[in-house]
Amino acid sequence: MPARDAPSAPGPFAGDLDLITRAAQEAGRTALGYFRNAPEVTWKNGGHSPVSAADFAANDVLKEMLLPARPNYGWLSEETDDDPARLACETLFVVDPIDGTRAFIAGKDLWCVSVAVVHAGRPVAGVLYAPALGEIFQATLDGPALKNGTVIGVAREGDAALKVASAEDMIARLEPGFRTGVSRVQHVPSLAYRLAMVADGRIDATIVKTGSHDWDLAAADLILERAGGTLQMLDASPLTYNRASVKHPVLCAAANDRLAGLIAAGQAMEGH
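Mapping of the sequence shown onto the working numbering: residues 1445 to 1716, in sequence order.
Rather than coming from a laboratory, the hints here were simulated on the basis of the structure. Each residue gets a CB set at the ideal place from its N, CA and C atoms; glycine is no exception. This list has only true hints and no planted wrong ones.
In the BS3-like style, the derived pairs of lysine-lysine whose C-alpha atoms are separated by at most 25 Å in a straight line are:
1) K1488 <-> K1691
2) K1653 <-> K1607
3) K1591 <-> K1552
4) K1488 <-> K1552
5) K1507 <-> K1691
6) K1653 <-> K1488
7) K1653 <-> K1552
8) K1607 <-> K1591
9) K1653 <-> K1691
10) K1507 <-> K1488
11) K1607 <-> K1552
Okay, the calculated beta carbon distance ranges per label pair:
12) W1487 <-> D1553: 22 to 30 Å
13) D1553 <-> S1493: 15 to 23 Å
14) T1486 <-> T1654: 24 to 32 Å
15) D1586 <-> G1490: 37 to 45 Å
16) D1526 <-> G1551: 29 to 37 Å
17) A1550 <-> D1504: 20 to 28 Å
18) T1486 <-> P1633: 12 to 20 Å
Please work from the sequences and hints to get the whole structure.
Below you can see the structure in the form of C-alpha coordinates.
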(Lines of atoms letter the chains of each structure in order from A and count residues from 1; the text may use other names and numbers.)
(Lines give C-alpha, C1' and ligand atoms only; values in the text may rest on other atoms or scores of the structure.)
Protein backbone atom coordinates (compact mmCIF):
# COMPACT_ATOMS: atom_id res chain seq x y z
CA MET A 1 0.00 0.00 0.00
CA PRO A 2 1.56 3.34 -0.99
CA ALA A 3 2.29 5.77 1.82
CA ARG A 4 0.03 8.78 2.24
CA ASP A 5 0.13 11.74 4.54
CA ALA A 6 -1.84 11.22 7.73
CA PRO A 7 -5.07 13.21 8.10
CA SER A 8 -4.88 16.08 10.53
CA ALA A 9 -8.42 16.03 11.98
CA PRO A 10 -8.35 14.49 15.47
CA GLY A 11 -10.88 11.84 16.45
CA PRO A 12 -12.46 11.17 19.86
CA PHE A 13 -9.55 9.00 20.98
CA ALA A 14 -6.80 11.40 19.90
CA GLY A 15 -6.23 12.53 23.47
CA ASP A 16 -5.72 8.97 24.65
CA LEU A 17 -3.41 8.25 21.71
CA ASP A 18 -1.29 11.29 22.51
CA LEU A 19 -1.08 10.25 26.17
CA ILE A 20 -0.09 6.64 25.53
CA THR A 21 2.38 7.70 22.83
CA ARG A 22 4.22 9.97 25.25
CA ALA A 23 4.17 7.28 27.92
CA ALA A 24 5.43 4.56 25.55
CA GLN A 25 8.26 6.78 24.38
CA GLU A 26 9.33 7.59 27.93
CA ALA A 27 9.13 3.93 28.92
CA GLY A 28 11.18 3.04 25.85
CA ARG A 29 13.85 5.58 26.76
CA THR A 30 13.98 4.13 30.25
CA ALA A 31 14.37 0.59 28.89
CA LEU A 32 17.15 1.73 26.56
CA GLY A 33 19.18 2.68 29.61
CA TYR A 34 19.32 -1.03 30.49
CA PHE A 35 19.67 -2.35 26.94
CA ARG A 36 22.95 -4.21 26.32
CA ASN A 37 23.95 -3.24 29.84
CA ALA A 38 23.52 -6.61 31.58
CA PRO A 39 20.25 -5.89 33.41
CA GLU A 40 19.31 -8.11 36.31
CA VAL A 41 17.12 -11.01 35.13
CA THR A 42 14.76 -13.16 37.16
CA TRP A 43 12.32 -15.89 36.10
CA LYS A 44 8.57 -16.20 36.55
CA ASN A 45 5.80 -18.65 35.58
CA GLY A 46 7.67 -21.59 37.01
CA GLY A 47 10.97 -20.54 35.52
CA HIS A 48 9.74 -20.38 31.93
CA SER A 49 9.53 -16.61 31.38
CA PRO A 50 12.40 -14.17 31.93
CA VAL A 51 11.80 -10.69 33.28
CA SER A 52 14.47 -8.01 33.54
CA ALA A 53 14.97 -4.94 35.68
CA ALA A 54 14.15 -2.96 32.53
CA ASP A 55 10.67 -4.53 32.34
CA PHE A 56 9.89 -3.36 35.85
CA ALA A 57 11.38 0.10 35.33
CA ALA A 58 9.42 0.64 32.12
CA ASN A 59 6.26 -0.61 33.83
CA ASP A 60 6.75 1.95 36.61
CA VAL A 61 7.08 4.74 34.05
CA LEU A 62 3.86 3.70 32.34
CA LYS A 63 1.90 3.51 35.59
CA GLU A 64 3.20 6.86 36.78
CA MET A 65 2.30 8.61 33.51
CA LEU A 66 -0.97 6.90 32.65
CA LEU A 67 -2.99 6.22 35.80
CA PRO A 68 -2.91 9.76 37.28
CA ALA A 69 -3.93 11.13 33.87
CA ARG A 70 -6.94 8.78 33.62
CA PRO A 71 -7.87 7.86 37.22
CA ASN A 72 -11.12 6.21 36.11
CA TYR A 73 -9.31 3.77 33.77
CA GLY A 74 -8.41 0.25 34.85
CA TRP A 75 -4.99 -1.36 34.52
CA LEU A 76 -3.69 -4.63 33.08
CA SER A 77 0.04 -5.18 32.65
CA GLU A 78 2.26 -8.21 32.25
CA GLU A 79 4.45 -6.90 35.06
CA THR A 80 1.76 -5.95 37.59
CA ASP A 81 -0.19 -8.42 39.74
CA ASP A 82 -3.63 -8.73 38.21
CA ASP A 83 -6.38 -6.89 40.08
CA PRO A 84 -9.89 -8.28 39.39
CA ALA A 85 -11.21 -4.75 39.90
CA ARG A 86 -10.28 -4.11 36.26
CA LEU A 87 -13.27 -6.24 35.21
CA ALA A 88 -15.60 -3.53 36.48
CA CYS A 89 -13.86 -0.90 34.33
CA GLU A 90 -15.38 -0.14 30.95
CA THR A 91 -12.06 1.40 29.85
CA LEU A 92 -8.55 0.37 30.85
CA PHE A 93 -4.89 0.48 29.87
CA VAL A 94 -3.43 -2.81 28.62
CA VAL A 95 0.36 -2.70 28.54
CA ASP A 96 3.43 -4.80 28.00
CA PRO A 97 6.44 -2.77 29.16
CA ILE A 98 8.79 -4.83 26.98
CA ASP A 99 7.30 -7.22 24.45
CA GLY A 100 10.18 -9.43 23.37
CA THR A 101 12.03 -9.64 26.69
CA ARG A 102 14.17 -12.56 25.53
CA ALA A 103 15.39 -10.52 22.56
CA PHE A 104 15.99 -7.53 24.85
CA ILE A 105 18.10 -9.61 27.23
CA ALA A 106 20.05 -11.06 24.30
CA GLY A 107 20.88 -7.57 23.04
CA LYS A 108 18.73 -7.89 19.90
CA ASP A 109 16.87 -4.84 18.58
CA LEU A 110 13.51 -6.48 18.00
CA TRP A 111 11.50 -5.58 21.12
CA CYS A 112 8.90 -2.92 21.78
CA VAL A 113 6.77 -1.16 24.37
CA SER A 114 3.09 -1.99 23.81
CA VAL A 115 0.33 0.26 25.18
CA ALA A 116 -3.38 0.12 24.38
CA VAL A 117 -6.57 1.71 25.61
CA VAL A 118 -9.32 -0.91 25.64
CA HIS A 119 -12.97 0.15 25.81
CA ALA A 120 -15.89 -2.27 26.10
CA GLY A 121 -13.62 -5.20 25.31
CA ARG A 122 -11.90 -3.83 22.20
CA PRO A 123 -8.84 -1.58 21.69
CA VAL A 124 -9.61 2.02 20.70
CA ALA A 125 -6.07 3.45 20.80
CA GLY A 126 -2.76 1.63 20.48
CA VAL A 127 0.96 2.32 20.32
CA LEU A 128 3.97 0.09 19.71
CA TYR A 129 7.32 1.77 20.26
CA ALA A 130 10.50 -0.04 19.20
CA PRO A 131 13.19 2.37 20.41
CA ALA A 132 16.20 0.30 19.30
CA LEU A 133 14.77 0.35 15.76
CA GLY A 134 13.59 3.96 15.83
CA GLU A 135 10.02 2.90 14.96
CA ILE A 136 6.66 3.84 16.40
CA PHE A 137 3.30 2.42 15.28
CA GLN A 138 0.04 4.13 16.23
CA ALA A 139 -3.66 3.80 15.60
CA THR A 140 -7.05 4.82 16.91
CA LEU A 141 -10.39 3.18 16.22
CA ASP A 142 -11.38 5.92 13.78
CA GLY A 143 -8.04 6.73 12.16
CA PRO A 144 -5.37 5.13 9.97
CA ALA A 145 -2.50 2.96 11.10
CA LEU A 146 0.74 4.93 11.18
CA LYS A 147 4.41 4.05 11.25
CA ASN A 148 6.62 7.00 12.13
CA GLY A 149 3.74 9.28 11.13
CA THR A 150 3.11 7.74 7.70
CA VAL A 151 0.02 5.71 6.82
CA ILE A 152 0.70 1.99 6.40
CA GLY A 153 -1.26 -0.91 4.96
CA VAL A 154 -1.11 -4.67 4.62
CA ALA A 155 0.48 -6.30 1.58
CA ARG A 156 -1.65 -6.71 -1.51
CA GLU A 157 -2.38 -10.19 -2.78
CA GLY A 158 0.13 -11.38 -5.38
CA ASP A 159 1.53 -14.45 -7.06
CA ALA A 160 4.48 -14.91 -4.71
CA ALA A 161 4.42 -17.41 -1.87
CA LEU A 162 2.55 -16.24 1.23
CA LYS A 163 5.11 -15.06 3.79
CA VAL A 164 3.86 -16.47 7.11
CA ALA A 165 5.57 -15.96 10.47
CA SER A 166 4.95 -18.99 12.66
CA ALA A 167 6.67 -21.84 14.43
CA GLU A 168 7.89 -24.64 12.17
CA ASP A 169 5.59 -27.20 13.77
CA MET A 170 2.57 -24.96 13.14
CA ILE A 171 3.45 -24.55 9.46
CA ALA A 172 4.04 -28.30 9.11
CA ARG A 173 0.51 -29.02 10.38
CA LEU A 174 -1.28 -26.72 7.94
CA GLU A 175 -3.56 -28.20 5.28
CA PRO A 176 -1.14 -29.58 2.63
CA GLY A 177 -2.62 -27.76 -0.34
CA PHE A 178 -2.33 -24.43 1.48
CA ARG A 179 1.13 -25.21 2.84
CA THR A 180 2.67 -25.52 -0.64
CA GLY A 181 2.04 -21.80 -1.19
CA VAL A 182 3.62 -20.71 2.11
CA SER A 183 7.10 -19.34 2.73
CA ARG A 184 7.94 -19.47 6.44
CA VAL A 185 9.35 -16.31 8.00
CA GLN A 186 12.06 -16.87 10.60
CA HIS A 187 11.21 -16.36 14.27
CA VAL A 188 10.17 -12.84 15.30
CA PRO A 189 10.66 -12.68 19.09
CA SER A 190 8.10 -9.94 19.77
CA LEU A 191 4.54 -11.02 19.01
CA ALA A 192 3.30 -7.44 18.98
CA TYR A 193 6.01 -6.45 16.51
CA ARG A 194 5.23 -9.50 14.36
CA LEU A 195 1.63 -8.28 14.01
CA ALA A 196 2.97 -4.82 13.14
CA MET A 197 5.01 -6.44 10.36
CA VAL A 198 1.77 -7.79 8.91
CA ALA A 199 0.23 -4.34 9.27
CA ASP A 200 2.99 -2.62 7.29
CA GLY A 201 3.17 -5.29 4.60
CA ARG A 202 6.58 -6.80 5.33
CA ILE A 203 5.00 -10.19 5.91
CA ASP A 204 1.63 -11.49 4.80
CA ALA A 205 0.35 -13.36 7.83
CA THR A 206 1.11 -15.00 11.14
CA ILE A 207 -0.22 -17.91 13.13
CA VAL A 208 -0.03 -17.46 16.90
CA LYS A 209 0.29 -20.43 19.21
CA THR A 210 -2.13 -20.84 22.07
CA GLY A 211 -1.28 -18.94 25.25
CA SER A 212 -0.80 -15.36 24.08
CA HIS A 213 -2.12 -12.66 26.42
CA ASP A 214 -4.09 -9.44 26.20
CA TRP A 215 -0.94 -7.38 26.70
CA ASP A 216 0.82 -9.09 23.78
CA LEU A 217 -2.01 -8.33 21.40
CA ALA A 218 -4.27 -5.37 22.17
CA ALA A 219 -2.26 -2.50 20.66
CA ALA A 220 -1.07 -4.53 17.67
CA ASP A 221 -4.58 -5.87 17.04
CA LEU A 222 -5.89 -2.34 16.52
CA ILE A 223 -2.91 -1.25 14.40
CA LEU A 224 -3.44 -4.29 12.16
CA GLU A 225 -7.16 -3.62 11.89
CA ARG A 226 -6.65 -0.01 10.82
CA ALA A 227 -4.03 -1.17 8.28
CA GLY A 228 -6.54 -3.46 6.53
CA GLY A 229 -5.93 -6.73 8.37
CA THR A 230 -7.61 -8.81 11.04
CA LEU A 231 -6.58 -10.91 14.02
CA GLN A 232 -9.07 -13.70 14.74
CA MET A 233 -9.53 -17.00 16.47
CA LEU A 234 -9.94 -20.18 14.42
CA ASP A 235 -13.72 -19.89 14.60
CA ALA A 236 -13.32 -16.55 12.78
CA SER A 237 -14.46 -14.52 15.78
CA PRO A 238 -12.61 -11.39 16.93
CA LEU A 239 -10.79 -11.18 20.23
CA THR A 240 -12.42 -9.73 23.33
CA TYR A 241 -10.14 -8.10 25.89
CA ASN A 242 -10.45 -7.52 29.63
CA ARG A 243 -12.03 -10.86 30.46
CA ALA A 244 -11.36 -12.84 33.62
CA SER A 245 -8.89 -14.94 31.63
CA VAL A 246 -6.45 -12.88 29.57
CA LYS A 247 -5.08 -15.87 27.63
CA HIS A 248 -6.07 -16.65 24.04
CA PRO A 249 -6.21 -19.78 21.87
CA VAL A 250 -4.54 -20.27 18.46
CA LEU A 251 -4.92 -17.09 16.40
CA CYS A 252 -4.50 -16.11 12.77
CA ALA A 253 -3.66 -12.65 11.42
CA ALA A 254 -3.56 -11.55 7.80
CA ALA A 255 -4.89 -9.04 5.31
CA ASN A 256 -8.67 -9.20 5.17
CA ASP A 257 -8.70 -10.82 1.70
CA ARG A 258 -6.34 -13.58 2.81
CA LEU A 259 -7.62 -14.37 6.26
CA ALA A 260 -10.35 -16.86 5.32
CA GLY A 261 -7.87 -19.16 3.59
CA LEU A 262 -5.45 -18.95 6.49
CA ILE A 263 -8.17 -19.72 9.04
CA ALA A 264 -9.39 -22.69 6.98
CA ALA A 265 -5.83 -24.04 6.87
CA GLY A 266 -5.50 -23.45 10.60
CA GLN A 267 -8.76 -25.27 11.30
CA ALA A 268 -7.45 -28.28 9.38
CA MET A 269 -4.25 -28.06 11.44
CA GLU A 270 -6.25 -28.15 14.69
CA GLY A 271 -8.63 -30.84 13.47
CA HIS A 272 -11.74 -28.61 13.54
